[in-house]
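Here this note's numbering is used: the first residue of the sequence shown is 1182, the next is one more, and so on.
Keep in mind that the hints are not guaranteed to be accurate.
Unchecked claim - Listed next, the in silico DSS-like pairs over lysine-lysine satisfying Cα-Cα at most 25 Å (straight line): (1) K1200 - K1362; (2) K1301 - K1336; (3) K1224 - K1183; (4) K1336 - K1183; (5) K1247 - K1362; (6) K1200 - K1224; (7) K1183 - K1205; (8) K1262 - K1334; (9) K1205 - K1225; (10) K1217 - K1362; (11) K1327 - K1247; (12) K1205 - K1336.
Note that these hints are calculated values from the structure, not bench results.
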Amino acid sequence: MKIIGLTGGIGSGKSTIAKEFISKSVPVYDSDLSAKNLMISSKKLKSKLIECFGYSAYTNGSLNKKYISNLIFNDRIALNKINSIVHPEVFNDFQQWKSRQNNDYVIYESALVFESGSYKLNDYNILVTSELDLRIERIIKRDNIKKDDVLLKIKNQWTDEKKIPLADYIFRNSSENENQKVVVSLINHFNSIFV
């Protein structure tokens, strides 16, 4: 089974593109959602996070998302540490999920395909890009946060310029109709080389 990485910076629209693949019956693994779920459900992961970041990482047994978010977006060392703890668990979860799929290929959606190095394990990688102003607008609307906070989050991720040479396909996120056409074109392409 082939693996196609789907990535893009925060607010690029990669989740919207992932939904387009899902609507066409392509299995998509959402690694960001899985990471959040594992940080809540895995006792092993909880223990490691508390050990590294203190008891404030959880409130009444639930992940303290605000605390973790503030940590990782203000401290690159904390970001690298949490990634080194969470990513192996997500990778194991993905392998289990993949073994249950009945398709010639799956999509591995992750904000950090390139940063984590997981792109090397994929057969192909799709990078979703979008204009910076549009990304900022989307994040402000979605997360109800200030522009300065958005810029800080963007700053903590690799730039598109750094990611582009590593990508096999560049998906310039524009209009919904155009996105649907591009996804159908990619699916036809992948079906022609994998099936």
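25 Å Cα cutoff - pair K1262, K1334: holds, 17 Å
Given pair status - K1247, K1327, alpha carbons within 25 Å: holds, 15 Å
Proposed proximity, K1362 with K1247 (alpha carbon, max 25 Å): violated, 37 Å
25 Å limit on alpha-carbon distance, applied to hinted pair K1205 and K1225: At roughly 36 Å apart (the allowed maximum being 25 Å), K1225 and K1205 break the hint.
25 Å limit on alpha-carbon distance, applied to hinted pair K1205 and K1336: violated, 33 Å
Pair hint K1336 and K1183, alpha-carbon separation not exceeding 25 Å: violated, 32 Å
25 Å limit on alpha-carbon distance, applied to hinted pair K1200 and K1362: Given that 25 Å is the threshold and the Cα spacing comes to 13 Å, the pair holds.
Restraint check for K1200 with K1224, where alpha carbons must lie at most 25 Å apart: Violated: K1200 and K1224 sit about 30 Å apart, past 25 Å.
Hint consistency between K1183 and K1205 [alpha-carbon to alpha-carbon, up to 25 Å]: holds, 17 Å
Satisfaction of hint between K1362 and K1217, Cα-Cα up to 25 Å: violated, 31 Å
Given pair status - K1183, K1224, alpha carbons within 25 Å: At roughly 31 Å apart (the allowed maximum being 25 Å), K1183 and K1224 break the hint.
Hint consistency between K1301 and K1336 [alpha-carbon to alpha-carbon, up to 25 Å]: holds, 24 Å
Hint compliance for this structure: hints 3, 4, 5, 6, 9, 10 and 12 are broken, all remaining hints hold.
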